[in-house]
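Visitor: Sequence:
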Amino acid sequence: MNCSKGIGYDENLNTIRTYQVCNVFEPSQNNWLLTTYVDRRAAQRVYVEIRFTVRDCASIPSVLGSCKETFNLYYLESDHSLSEGRGVEYWTTAPFLKVDTIAADESFSQVDFGGRLMKVNTEVRSFGPLSRGRGFHLAFQDLGACMSLLAVRVFYKKCPSVVQNFAFFPETLTGAESTSLVIARGSCIASAEELDVPIKLYCNGDGEWMVPIGSCSCKAGYEPDKANVCQACPQGTFKSFQGAGLCQQCPPNSLSTAEAATLCGCRNGYYRGDVDKPEDTCTSVPSAPRNLVSVVNETSVVLEWSPPRDTGHRGDLVYNVLCRRCHSSERRTCQSCEDSVAFSPGRRGLRGDHVEISKLRAHTAYTFDVQAINGVSNKSPYPAQQLSINITTNQAAPSLVPIMHQVSSTSRSFSLSWPPPEQPNGIILDYEIRFYDKVGTRVCVCGLRPGTGYLVQVRARTVAGYGAFSKEMLFHTLTDDEYKSELGQQLSLIAGSLVCGVVIVSLVAIAIICTRYLKESVYGDKLQQYTTGGEANLRPDQFSGEAPTVTFPTMSDGHSSPGVKIYIDPFTYEDPNEAVHEFAKEIDPNCVKIEEVLGAGEFGEVYKGRLKLVGKKEFPVAIKTLKAGYSERQRRDFLSEASIMGQFDQPNIIRLEGVVTKSRPTMIITEFMENGALDSFLRRNDGTFPVIQLVGMLRGIASGMRYLAEMSYVHRDLAARNILVNSNLVCKVSDFGLSRYLEEDTSDPTYTSSLGGKIPVRWTAPEAIAYRKFTSASDVWSYGIVTWEVMSYGERPYWDMSNQDVINAIEQDFRLPAPMDCPLVLHQLMLDCWQKDRNARPKFPDLVSMLDKMIRNPASLKTVASHELFLPPSRPSPHALLDRGAPDLSSVSSVEDWLSALKMTQYRDSFVGSGINSLSLITQLTTEDLQRLGVSLAGHQKKILTSVQSMRDHIDDQSPTESL
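Residue 2 is where the sequence shown starts when you use my numbering, and the numbers rise one by one after that.
Do not rely on the hints blindly, as some may be mistaken.
[As the list claims (entries may be wrong)] Here are the simulated DSSO-like cross-link-like pairs (lysine-lysine), alpha carbons at most 30 Å apart as the crow flies:
1. K158 - K201
2. K854 - K944
3. K854 - K278
4. K844 - K863
5. K278 - K360
6. K220 - K158
7. K380 - K278
8. K220 - K278
9. K99 - K158
10. K944 - K863
11. K663 - K618
12. K586 - K618
13. K220 - K837
14. K586 - K617
[What the hints assert, rightly or not] Restraint-style ranges between C-beta atoms, simulated for each label pair:
15. H81 - I190: 38 to 44 Å
16. E575 - D281: 55 to 61 Å
17. S915 - H364: 57 to 63 Å
The set of hints was computed from the structure by calculation and includes no laboratory data. Because the structure is a prediction, the values reported are computed rather than measured. For every residue, glycine included, the Cβ atom is placed at its ideal position computed from N, Cα and C.
Given only the sequences and the hints, what does the whole structure look like? Please build it.
Guide: Given below as structure tokens:
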């Protein structure tokens, strides 16, 4: 090693210790300088800073051609120092790894310190990854340079420990490469908790923290300060939630006696309801109702009362009505009323101040208790305050005859019987059968047509009058052939009965009613569609001699609709061939002509071809083939799609022509859709269609999905890529093979699931991602995404967000904004499809109906939605989005103005047609009224009812209040 220590000078002419070599006059130089052992301290990448000088070879006289102006840097990993006891030969053959050849940026011409500065070079090199030992040696190789090594600094880089977003991140070494990002997991500081997303930072190669993901936040009972510290809420304050909010003062009638309170306890006599929030005021129970009065009408009673003086300072006051039947006027022995007693509008949870009670017993004493209940009544240890009233019912008409039986039937008559009413309410004087009257419980009706159905009703009469007619029951006369056969059997039965000496005695009177038409009378709306006839009240003495004639109304020949066809899962078959042969037609492969490749599918290629069936013209088809070397499971999954498609027959569902399974290749043959997948078709034709055309395409998709829902089939992968478009722009739902996406293969980033398997995240409802709850409601969510794709001409939902970011954003109530120039009604439809509560989403029949209304009323599509991006967590809920910019009610002067302010003008005709033409009628609207008016979307109902409540509050503010 021909390097030597010596005293040199730096660029400022300060003397320093150096290593020097300058054997330029000798050939074949190979000089080495080895450092001591360096412990790498777990670093994976090491940096070396070298300060040195090099003399220009041209400035050295008589130098040989071997003069160099560079040197080499090497390193050798090991677990301990290897320099002890090693000769020069070892170091020249040791397995050093080269870092780089170091060249000087500046060299000097001669050694001259007379007022001139030395030209010192500084170079930094790094090497890694280091993993083979605890440390390393550095080596410098000189091949014939005149140079001095002034200083060598060895270092590694790290990201310092830091507290960020209320999480502590430890000191972290950089990665093995300069471009590596090392993940550091954070831990929440004291009194903080992690949010849903794991907390982490990335340490880059320069020792800098970047890309923060997730965060901690202060626990309930603690608030953040500016120094990333969570402080306990002082006494008298509370914080009920985890997050960035500050502690709040305890609401009225509550207090907290310790620090870090998450809830302020209510004072004695005050409570919080089950649905009350921690920040809500503690309230009390109401006092009893006032001024209870009754109006008795036979066996019915109407109760009315006034609100209690003290409502407990709550707005959820309701009433319960308790009924007790007493056995004497002294009312010492009372028991709860029978379940048959009817309360209108109900017996519990009444918001109004009256109730009608019917189906009571006649001449019976009752006690009614009216309780005032609010949201904290169940918290009080004392019973609810109530007001009682005693009444006695009057004489009343009998109750309904529960049922009728057909005793016998001929081709011209039938005999009926029935039991007495459950509540006769007195002595039954006689019965009236609709159009007939006869004492007793049995009647024979004759003069009828053979083989005909008749609707019959009956009612009873006491001194109090007639009861209500029974429900309609259908009875049939026999055909002539049936009557002859029945008559023969009856004669045999009678003969046998006489031999046995058995006599059957009827306990009811029989009246025979023979042939004549009576005058027209009202038979009820439902029966008028069949016929009009007469109604007679006949006494027993009218049946002496020849009986009168009567005609019963006949049924129409309408038929009951057949049962809905239900989809059958082909995987329930033990043999998949059985399913495909049951639902798909086998096609002779000689009838199939393959013309060109369209693309690659899940199991093989997809072709365009032509199909020529016997007796039919040749027509184009799409052909899916099963690739060679398939497994039996792949064949089963491939054919399962045909087994599913073969069960569907609807214009907006892709039509299956048949399958080829008895020869190779195995094929699925469907109708050919000229324009291909909807998403790519829209991208090719961006902005070329009018809105009404796009709505028509959406209507077709909704119609197909309505059909699938009626078949109890859940698609699971509804997306624009799985909608095919033909030459007439008819859209058809396709791709019924999502079962293959539920395997453990996650190579496709479009499909992912934390539960294992693959799910199309951007199109899938949150409950389906989290819990595999695939239902027709989750298909409705996907339909909302398809609607967004159509209105944005095939743009990718959620753009370039990662799948996990999409899941987190949806959970934080982010919803896609309206695409450019999207009508407001269509974006509102999307938001309703994206409601978190799957039961609140519209059904597919509702969606078809809404789209039909848009098509019939194109003017509703002219109002364009705001193209506004709502990002979590500041984004409101979908209905809060609809509610933004609520109108000033004081400025609304008409129903049309009100609907326009709410952006609900699509319902104007329904309101006007129903006679709702004043704001006073608006304030009386209920949910049931809105449903009758055609307002079926839950979001629209909520928006309208919120406005109605605001109008009521506005009116209440204008009216005088009762003094306490």
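Visitor: Take the C-alpha atoms of K663 and K618, compute the straight-line distance between them, and say whether it is at most 30 Å.
Guide: With Cα atoms ~24 Å apart, K663 and K618 stay inside 30 Å; holds.
Visitor: Would the hint linking K99 and K158 be met if the CA-CA limit is 30 Å?
Guide: Holds, at about 21 Å.
Visitor: Are the Cα positions of K854 and K278 separated by 30 Å at most?
Guide: Roughly 40 Å separates the two Cα atoms, so the pair is violated.
Visitor: Holds or violated: the 55 to 61 Å window for the beta-carbon distance between E575 and D281?
Guide: holds (59 Å)
Visitor: Quickly compare the C-alpha distance for K220 and K158 to 30 Å and report which way the hint goes.
Guide: Cα-Cα ~35 Å, so violated.
Visitor: Within 30 Å, alpha carbon to alpha carbon, are K278 and K360?
Guide: Distance ~42 Å between K278 and K360 Cα, so the pair is violated.
Visitor: Within a Cα-Cα threshold of 30 Å, do K854 and K944 meet the stated pairing?
Guide: holds (20 Å)
Visitor: K220 and K837: Cα distance at most 30 Å?
Guide: holds (26 Å)
Visitor: Would you say the C-beta atoms of S915 and H364 sit inside 57 to 63 Å of each other?
Guide: Violated: the Cβ-Cβ distance is about 44 Å, outside 57 to 63 Å.
Visitor: Within a Cα-Cα threshold of 30 Å, do K586 and K618 meet the stated pairing?
Guide: Roughly 18 Å separates the two Cα atoms, so the pair holds.
Visitor: Are K220 and K278 close enough, with their CA atoms no more than 30 Å apart?
Guide: With a Cα-Cα distance of about 17 Å, the restraint between K220 and K278 holds, given a limit of 30 Å.
Visitor: Has the given pair, K844 with K863, been kept, meaning a C-alpha gap of at most 30 Å?
Guide: holds (25 Å)
Of the numbered hints given earlier, the model fails hints 3, 5, 6 and 17; all others are met.
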